[in-house]
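Protein sequences, first through last, are from chains D and E.
Every letter in the first sequence is one number past the one before it in the working numbering, and letter 155, counting from 1, is 155.
So the number in the working numbering is just where the residue sits in the second sequence, counting from 1, plus 198.
It is worth saying that the hints were derived from the structure and are not from the lab.
From the three backbone atoms N, C-alpha and C, an ideal C-beta is built for every residue, glycine too.
Check each hint, because a few of them may be wrong.
[What the hints assert, rightly or not] So the derived label-pair ranges between C-beta atoms look like this:
#1 Thr405(E) with Asp43(D): 23 to 33 Å
#2 Lys327(E) with Gln32(D): 24 to 34 Å
#3 Asn394(E) with Arg191(D): 48 to 58 Å
#4 Thr254(E) with Ala177(D): 45 to 55 Å
#5 Ala151(D) with Pro230(E): 45 to 55 Å
#6 Lys209(E) with Gly25(D): 54 to 64 Å
#7 Gly178(D) with Leu378(E): 33 to 43 Å
#8 Gly178(D) with Ser399(E): 55 to 65 Å
#9 Ala250(E) with Gly25(D): 46 to 56 Å
#10 Asp103(D) with Pro204(E): 21 to 31 Å
#11 Asp281(E) with Gly178(D): 41 to 51 Å
#12 Asp149(D) with Lys327(E): 25 to 35 Å
#13 Asp43(D) with Leu381(E): 22 to 32 Å
#14 Asp149(D) with Gln386(E): 15 to 25 Å
Spelled out from the first residue to the last, the chains are:
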Amino acid sequence: MSAGVTPSQTIGPFAAPCLTPNEAGKTNYDWQQLINGNLVTPDAEGERIRIEGCMFDGEDKPIDGILFEIWQADGQGRYAHPRDPRRTNSSFKGFGRIESNMDGTFAFDTVKPGRVPGPNGAMQAPHIVVAIHMRGILQHLFTRIYFADEASNAEDPILKLVPADRRDTLIAKRDGAGGAYKISFRIQGNRETVFFDI
Amino acid sequence: MSIVYPTDSKKANPPFLYPEYKSTVRRAPVKPLVLVPHTLSELTGPVYGHEAVRETDGDLTKQHAAEPLGERIIVHGRVLDEDGRGVPDTLVEIWQANSCGRYTHVNDQHPAPLDPNFTGSGRVVTDAKGHYKFTTIKPGAYPWPNGPNSWRPAHIHLSLFGTAFTSRLVTQMYFPGDPLFVLDPIAQSIPEFARNRLVSSFDLDQTVPDWALAYKFDIVLRGRNATPEDPD
Numbered sequence: 001m002s003a004g005v006t007p008s009q010t011i012g013p014f015a016a017p018c019l020t021p022n023e024a025g026k027t028n029y030d031w032q033q034l035i036n037g038n039l040v041t042p043d044a045e046g047e048r049i050r051i052e053g054c055m056f057d058g059e060d061k062p063i064d065g066i067l068f069e070i071w072q073a074d075g076q077g078r079y080a081h082p083r084d085p086r087r088t089n090s091s092f093k094g095f096g097r098i099e100s101n102m103d104g105t106f107a108f109d110t111v112k113p114g115r116v117p118g119p120n121g122a123m124q125a126p127h128i129v130v131a132i133h134m135r136g137i138l139q140h141l142f143t144r145i146y147f148a149d150e151a152s153n154a155e156d157p158i159l160k161l162v163p164a165d166r167r168d169t170l171i172a173k174r175d176g177a178g179g180a181y182k183i184s185f186r187i188q189g190n191r192e193t194v195f196f197d198i
Numbered sequence: 199m200s201i202v203y204p205t206d207s208k209k210a211n212p213p214f215l216y217p218e219y220k221s222t223v224r225r226a227p228v229k230p231l232v233l234v235p236h237t238l239s240e241l242t243g244p245v246y247g248h249e250a251v252r253e254t255d256g257d258l259t260k261q262h263a264a265e266p267l268g269e270r271i272i273v274h275g276r277v278l279d280e281d282g283r284g285v286p287d288t289l290v291e292i293w294q295a296n297s298c299g300r301y302t303h304v305n306d307q308h309p310a311p312l313d314p315n316f317t318g319s320g321r322v323v324t325d326a327k328g329h330y331k332f333t334t335i336k337p338g339a340y341p342w343p344n345g346p347n348s349w350r351p352a353h354i355h356l357s358l359f360g361t362a363f364t365s366r367l368v369t370q371m372y373f374p375g376d377p378l379f380v381l382d383p384i385a386q387s388i389p390e391f392a393r394n395r396l397v398s399s400f401d402l403d404q405t406v407p408d409w410a411l412a413y414k415f416d417i418v419l420r421g422r423n424a425t426p427e428d429p430d
């Protein structure tokens, strides 16, 4: 039997009371938040990092109320998922979810992911996959975050598929040694972020 | 068995740019999306099982001191893959307006009453065969600032993970016979062949006598067996 997939619809403007009800500095709703922006678990090996970002529209104005979701491997490049045969040995889940603030900013606290296998045996550079949900888009956007201080970016099989002059939109840069990684997403305009069709 | 996530399946999705839904004009990507192969990063995804939800999270009528006002309903169905197999142990999250068409969200300023006994948030995990079930209140229609006299049909928002980041789905379920469905640019943005997949069906069999009407809504996520079925 073959069944047709259920189509996507916009997340709309009112998801916060269900998906991100308890975020600091915001209206809190009477519902327990299941997933938040801090992915770190005490037993997770690897470098603790913070990723700070902002999303802008085509006129370079920050967009608030966006749901950002990130999915990543642990510090050794292992996904907490049955399809990864090298299963993580910690309680690190690798999934985070946060709503952007009124000024369009967001932040995740996590560990820097290790390298994971890519197509045809090539290893991928450390990266995080991102799903962006917001009012005004009818299906969510997929993108990735890479790290500027990783030499392996040059050989990453996915980055190689991105036009060279647009790769920079996917790369988070560190604010001095030990500082947060920063990345700006842009939905339109000259520096529009690379979004993936997966 | 090896599960693949055919790109073709995405043809059921609405486009990014659909000018009748005005916000899409400023929010649709302009440059082409980059097609990438599915790596382990796309073929894995978050796993939230039964430990993540409380038994009461699936009943939106029992989250406060008293019952919310409105028409009590049951919304149920199965989460399936493209081969029609149930997707077990996967998180289903829902949110909705109250029976008057008002969300708890502080930004919703529609002049309809809030209900102190209704937050409008629910979540369950599917059982071994992919079944899910919520008890809630039928949401009301409400106006929205898309154009003159624009109204959203009654709907429930749903969020699902499935078996991989590739199968992530956020969608909306509508009710049968709603006159606003054909006028709603968000619903009408879906290609015609797939549009009615978002309309639930009235289910007399699961309707509980003297208690609540039932609506059935099956959800199909991307993912099918890599080995093609034999044609018969």
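These are the hints, each one checked on the structure:
1. Thr405(E) with Asp43(D): 23 to 33 Å: 48 Å, violated
2. Lys327(E) with Gln32(D): 24 to 34 Å: With Cβ atoms ~27 Å apart, the hint holds.
3. Asn394(E) with Arg191(D): 48 to 58 Å: Violated: the Cβ-Cβ distance is about 40 Å, outside 48 to 58 Å.
4. Thr254(E) with Ala177(D): 45 to 55 Å: 48 Å, holds
5. Ala151(D) with Pro230(E): 45 to 55 Å: 29 Å, violated
6. Lys209(E) with Gly25(D): 54 to 64 Å: 41 Å, violated
7. Gly178(D) with Leu378(E): 33 to 43 Å: About 54 Å separates the Cβ atoms of glycine 178(D) and leucine 378(E), which means 33 to 43 Å is violated.
8. Gly178(D) with Ser399(E): 55 to 65 Å: 57 Å, holds
9. Ala250(E) with Gly25(D): 46 to 56 Å: 25 Å, violated
10. Asp103(D) with Pro204(E): 21 to 31 Å: Given range 21 to 31 Å: violated, Cβ gap about 40 Å.
11. Asp281(E) with Gly178(D): 41 to 51 Å: 49 Å, holds
12. Asp149(D) with Lys327(E): 25 to 35 Å: 47 Å, violated
13. Asp43(D) with Leu381(E): 22 to 32 Å: 53 Å, violated
14. Asp149(D) with Gln386(E): 15 to 25 Å: 47 Å, violated
Consistency with the previously given hints fails for numbers 1, 3, 5, 6, 7, 9, 10, 12, 13, 14, ordered from lowest to highest.
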